[in-house]
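Undergrad: Throw the hints in and build the complete structure from the sequences for me.
The residues making up each chain are set out below.
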Amino acid sequence: MIMAEPASRKLPPNPDQAAQDPSPDPVDETELVKRARLGDLEAYDDLVRRYQERIYATVYHMTANHEDANDLAQEAFIKAFQALKSFKGGSSFYTWVYRIAVNKTINFLKQRKNRAQLSLDDLDFNAEHDPDLVALISERTPRREISLLELQEKLNAAMQKLSEPHRLVVTLHDVQGLSHEEIAEIMGCNIGTVRSRLFYARQQLQAHLSDYLK
Amino acid sequence: MSRMQPEPDDFQQLRRLLALKRHEQPPPGYFDHFSRNVIARIRVGEPLRQVTPANRFFLDFPLLERLWSTLETKPLLAGAFGVAVCGFLTAGFLLSDNSGLVPNAPVGVLMPPETSHLVAVHPNSVGSMPFLDQAPGMLLSGTGAVDTIQVRADLFQQPRARLINFTLPNGN
Chain A
392 MIMAEPASRK LPPNPDQAAQ DPSPDPVDET ELVKRARLGD LEAYDDLVRR
442 YQERIYATVY HMTANHEDAN DLAQEAFIKA FQALKSFKGG SSFYTWVYRI
492 AVNKTINFLK QRKNRAQLSL DDLDFNAEHD PDLVALISER TPRREISLLE
542 LQEKLNAAMQ KLSEPHRLVV TLHDVQGLSH EEIAEIMGCN IGTVRSRLFY
592 ARQQLQAHLS DYLK
Chain B
6 MSRMQPEPDD FQQLRRLLAL KRHEQPPPGY FDHFSRNVIA RIRVGEPLRQ
56 VTPANRFFLD FPLLERLWST LETKPLLAGA FGVAVCGFLT AGFLLSDNSG
106 LVPNAPVGVL MPPETSHLVA VHPNSVGSMP FLDQAPGMLL SGTGAVDTIQ
156 VRADLFQQPR ARLINFTLPN GN
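Just so you know, the sequences run in chain order A and B.
Residue 392 is where the first sequence starts when you use my numbering, and the numbers rise one by one after that.
Residue 6 is where the second sequence starts when you use my numbering, and the numbers rise one by one after that.
Calculated directly from the structure, the hints in this document are not laboratory data.
Taking CB as the label site, the calculated pair distances span: (1) G92(B) <-> Q597(A): 57 to 65 Å; (2) S510(A) <-> R46(B): 15 to 23 Å; (3) G430(A) <-> A96(B): 41 to 49 Å; (4) N517(A) <-> S74(B): 39 to 47 Å; (5) T95(B) <-> E458(A): 49 to 57 Å; (6) Q508(A) <-> L68(B): 36 to 44 Å; (7) E422(A) <-> T95(B): 47 to 55 Å; (8) S554(A) <-> A96(B): 46 to 54 Å; (9) S482(A) <-> V88(B): 29 to 37 Å; (10) V88(B) <-> L511(A): 47 to 55 Å; (11) V88(B) <-> N581(A): 34 to 42 Å; (12) L511(A) <-> G92(B): 51 to 59 Å; (13) L94(B) <-> G583(A): 46 to 54 Å.
Partner residues aside, some chain B positions facing chain A, computed with beta carbon under 8 Å: (14) F16; (15) L19; (16) R21; (17) L23; (18) K26; (19) E29; (20) P31; (21) F36; (22) F39; (23) N42; (24) V43; (25) I44; (26) I47; (27) R48.
In this text the structure is predicted, and so the values were computed from the model without any measurement.
Glycine is no exception: its CB is placed at the ideal position from the N, C-alpha and C atoms.
TA: Below is the structure:
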């Protein structure tokens, strides 16, 4: 997966996603944004298709709830369309939409605080064959399928124990493979803050999941 | 001693475990309908947005739209803005109300804006202004309602009143 722009962005470590998400042409994106600003919904439909999976995934990993992620991701794209007039092009459209989705999600999570309920997506078929996971599971238990589901629940529960900014940094970096610079731009903070939050979040996760890690 | 930066392998196991998150996928075909749903929801909202006069106004003045959205989200700022606007209006009203009067005048001095006529009127004679009915050029003098007023006609035969002397007998 290559980010929206510039073309020199590095590849995040997610080969599966890379296969299904070809690199968007930045020139095309600019043109699409221009047309969408004039009210061209077909152009905006193209933009939505480009980023829907990543936006959905970010919101889903933050909420650990499919229904909430569905609503929030859709609302983020709707809000982005309504606010297109204010998009100055200082950052890429992709970063801008990301920021909208992240802000919307954090606001939602603040309201939801005490009624968090997991509604997890199913693991895809490739999970059982992921070399990292195979290695991890085989060291712990031979009952691979059950353990994967159990691990999924434990991992999501541990993620939910993190504060929103820490969960967001782990999601964007360790799950989605964004660079520190991109995360800093999305979160509106400096790179040092991103690094320190990432370190702290990993420490917390490691403590919560110590039973499942060597 | 605490370390600020972790060693590369410190979180290796954790990062392996986090790889599991990438395999969590929504139901098959979910993304086939996602953008369609977004566009449908936009379409439902768009006609309303277009026919609203306020939105049409904001489309012409995007700066005002941004100001409005800022005020909408910050009630404190909106309150301060409202107070400031009220203050400006009140100040403007007061200033415009006082601008027609000459300060420190012992009697009411009316200055019609369209002409340069200057009329001195005694407070007791409000309502009876005989000099306005006099023929042009007639000189009025005395201790009545109007003490000393010279009225003359200008080039276009319009009466022109001018205060030339103002003396009150008996020290009044």
